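S.K.: Each chain, written out:
2 protein chains.
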Amino acid sequence: MQATLSENGAVLTLHSDDFRLRFHAIWLRDNAQDIETRAPGNGQRLIALRDIPAVTVMSAASIDGEVLSVTFAPEDKSVTFDLGWLKANAYDKADKPVSGWLSDDITPWDSSLQPNVPTGQYPALVQRGADYANWIDNVARYGFGKIEAAPVKEGALFDVVDLFGYVRETNYGKHFEVRTEVNPTNLAFTGLGLQAHTDNPYRDPVPSIQVLYCLESSAAGGENMVVDGFACARRLQKENPDYFDVLAEHCARFEYAGEEGVCLTSRRPMIELAPDGELIGVRFNNRSLAAVTDVPFEKMALWYAAYRRLGEIIDDPAMEVVFRLEPGEAFVVDNTRVLHARKAYSGIGKRWLQGCYADKDGLRSVRDALSRKRLEAAE
Amino acid sequence: MQATLSENGAVLTLHSDDFRLRFHAIWLRDNAQDIETRAPGNGQRLIALRDIPAVTVMSAASIDGEVLSVTFAPEDKSVTFDLGWLKANAYDKADKPVSGWLSDDITPWDSSLQPNVPTGQYPALVQRGADYANWIDNVARYGFGKIEAAPVKEGALFDVVDLFGYVRETNYGKHFEVRTEVNPTNLAFTGLGLQAHTDNPYRDPVPSIQVLYCLESSAAGGENMVVDGFACARRLQKENPDYFDVLAEHCARFEYAGEEGVCLTSRRPMIELAPDGELIGVRFNNRSLAAVTDVPFEKMALWYAAYRRLGEIIDDPAMEVVFRLEPGEAFVVDNTRVLHARKAYSGIGKRWLQGCYADKDGLRSVRDALSRKRLEAAE
Chain D
1 MQATLSENGA
11 VLTLHSDDFR
21 LRFHAIWLRD
31 NAQDIETRAP
41 GNGQRLIALR
51 DIPAVTVMSA
61 ASIDGEVLSV
71 TFAPEDKSVT
81 FDLGWLKANA
91 YDKADKPVSG
101 WLSDDITPWD
111 SSLQPNVPTG
121 QYPALVQRGA
131 DYANWIDNVA
141 RYGFGKIEAA
151 PVKEGALFDV
161 VDLFGYVRET
171 NYGKHFEVRT
181 EVNPTNLAFT
191 GLGLQAHTDN
201 PYRDPVPSIQ
211 VLYCLESSAA
221 GGENMVVDGF
231 ACARRLQKEN
241 PDYFDVLAEH
251 CARFEYAGEE
261 GVCLTSRRPM
271 IELAPDGELI
281 GVRFNNRSLA
291 AVTDVPFEKM
301 ALWYAAYRRL
311 GEIIDDPAME
321 VVFRLEPGEA
331 FVVDNTRVLH
341 ARKAYSGIGK
351 RWLQGCYADK
361 DGLRSVRDAL
371 SRKRLEAAE
Chain R
1 MQATLSENGA
11 VLTLHSDDFR
21 LRFHAIWLRD
31 NAQDIETRAP
41 GNGQRLIALR
51 DIPAVTVMSA
61 ASIDGEVLSV
71 TFAPEDKSVT
81 FDLGWLKANA
91 YDKADKPVSG
101 WLSDDITPWD
111 SSLQPNVPTG
121 QYPALVQRGA
131 DYANWIDNVA
141 RYGFGKIEAA
151 PVKEGALFDV
161 VDLFGYVRET
171 NYGKHFEVRT
181 EVNPTNLAFT
191 GLGLQAHTDN
201 PYRDPVPSIQ
211 VLYCLESSAA
221 GGENMVVDGF
231 ACARRLQKEN
241 PDYFDVLAEH
251 CARFEYAGEE
261 GVCLTSRRPM
271 IELAPDGELI
281 GVRFNNRSLA
291 AVTDVPFEKM
301 ALWYAAYRRL
311 GEIIDDPAME
321 VVFRLEPGEA
331 FVVDNTRVLH
341 ARKAYSGIGK
351 RWLQGCYADK
361 DGLRSVRDAL
371 SRKRLEAAE
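Quick note, the sequences are listed as chains D and R, same order. Per the UniProt record's numbering, the very first residue in the first sequence carries number 1; after that it's consecutive. Per the UniProt record's numbering, the very first residue in the second sequence carries number 1; after that it's consecutive.
Mixed in with the good hints, there may be bad ones.
With the C-beta cut set under 10 Å, the calculated list includes, among others, these residues of chain R facing chain D [to be verified]:
#1 GLU177
#2 GLY261
#3 VAL262
#4 LEU273
#5 PRO275
#6 ILE280
#7 ALA290
#8 VAL295
#9 PHE297
#10 MET300
#11 LYS350
#12 TRP352
Since the hints were derived computationally from the structure, they do not count as laboratory data. Since the model is a prediction, treat every value here as computed from it, not as a measurement. For each residue, glycine too, the CB sits at the ideal point set by N, CA and C.
This is chain D alone, in the form it adopts within the complex (with noise of 0.2 Å):
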């Protein structure tokens, strides 16, 4: 591995026989590991790019095993880095990045998984050992989880949230109660099936966890059903990129206004992508789509084609994973991605499920914790 500078020590360059990866000076500078610049105990930099000159460049560089040394002028200042840093952290890449990628750590599913239910027992998840987190791993790469031989207790979907994070209050509660009730103020308490769906599209930021609790399940039918968003956007696009391309590239309107002094709206498209085409997030709710407004009118029969398409591919048996809730068991479902829903049951006999929404942002915390965690003790 050599280090080279360009002439005017702008871009350096690391090279071998078999690749080559570029690096800018102010890059560099800006990402310094240094103590001066990043603080040893959190982590966090302690400077602003106002107090690194604007024309920085390099005025030495040179490798020693497995570090890089580089001065910078005009600070005269030289640092270290690691080269499986570097490496890791390389920005000089040959792929444009393609519309709907999906992230290493996501892995998209249909029907198939069904045998796999990504599922922990309680008593082993609350040990936090292995089983614990290979649950976690499974949730964030599956985007749903079911939870098992937990306590049939009220409120113990709190202690389900307490494993990966914190419960998002709304105004439905801490937690909201779902039984089959009668003259119902929101689908969710009827006795019927539901579409799959994602939960409060309306609300952004949307929930982004939820967490749903069986209580009491002497009720035939009601089983629990989940469909891969990210999976069913992705055969939509094979299909049809423009029909994936005109659900992300407008956005939808979604309201709940069911409530006294509540009403919530928001603007999302029903396929949501980073700015560099990263699939991240699906909405999908038939009750709550408000009037679409903001696709144009040349492209709103195709719109609607593609919603019809994406429905359907939802619909489709071929995509959805089946379970039933038991009392004591539990699932978390990544609402950004996974949609739910309920089968149809019987009158006969009763269902009740408390449930709550929590973020996905604790979740990924635990995980990528763990995750180094076993690389250091593996170093």
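Following the hints, complete the assembly by docking chain R onto the known chain D.
M.R.: Then chain R, alone, in the frame of chain D:
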């Protein structure tokens, strides 16, 4: 006003001398407001798109006063639409949205707002009358607001959150303490001034509201400063559209792993746009910006130049509004838009604030529910 159907019945045109609005049959059918399509109580849609025939056309249309009657085939279903509602929800627009556009309910600002800091007196706000409605409107419009004459009481910040929403608990707790302390684990606890920033950009979803509540303030200095990130982004766009675009088109990365068991990371652009270019978010925080690896090599120098210039605009006193929080005063800030900072303060004396996060959905819901109530009262 006249209603004309296209030959195949797929498009209805409302027209008079001075305007023309077209609507597709499928859009009108999906947005029918009859009691079989929409629940009268809560307004939720009772049917899914799959319940509407794919080839839906109109067989008749007529206008009587302010009401349009339409018959859909093959369902042979007749519904009525209020013409005012149709005009308000029309999507047949001539204008194409421009990159960086802002919603009408947002007013960008700079230091000229200084004499008119949106301020509410706590005793009046809790009455939930006109002062309250006005303050809520202003916080939504300007992205921040001050509260005065509130009790000097630990935990009173939760009463401020109760005015519009719910606390977003995080790994920092339901709330966090901001004091002058030695050996800080987070820069917010030191006496140094901070560059204006948004909080927790490493969290996804980011907390969209922050509340800071002052309990003690005998140290000199330590004023709070706010900057409108939307105004800064638009100034950047005006100065150099390429700068604006490069920050909007590529994701930055943010990270915080400063505590045992915590590893929060996000991948989001500094300037966030909706698919149609609406400016919907700004993330700016030098301390938690991680190595940026999603900007192609060819654009990295431009990205850093844009990031530097955005920081210079943010640091420009012409953009800032400054106020001092005395004990029993608080401020609420839209953390997806308005950056905040603390000026340096002296070590002599003490400063003690309590802070917490919440979300914007509640604030916007309260605003819109109050606004609809006023409209209904006026009818």
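S.K.: All the hints need checking, so say for each whether the structure fits it.
M.R.: Here's how the hints hold up against the structure:
1. GLU177: Nearest chain D Cβ about 17 Å off; hint violated.
2. GLY261: holds (5 Å)
3. VAL262: R:VAL262 check passes; min Cβ-Cβ to chain D is 6 Å, inside 10 Å.
4. LEU273: With a closest approach of 8 Å, the R:LEU273 hint holds.
5. PRO275: holds (5 Å)
6. ILE280: Nearest chain D Cβ about 9 Å off; hint holds.
7. ALA290: holds (8 Å)
8. VAL295: Holds: closest Cβ of chain D sits about 6 Å from R:VAL295, inside 10 Å.
9. PHE297: This hint holds: R:PHE297 lies near chain D, its Cβ roughly 4 Å from the closest one there, short of 10 Å.
10. MET300: holds (5 Å)
11. LYS350: violated (24 Å)
12. TRP352: violated (22 Å)
In the structure shown, a violation is registered for the earlier hints numbered 1, 11, 12, in ascending order.
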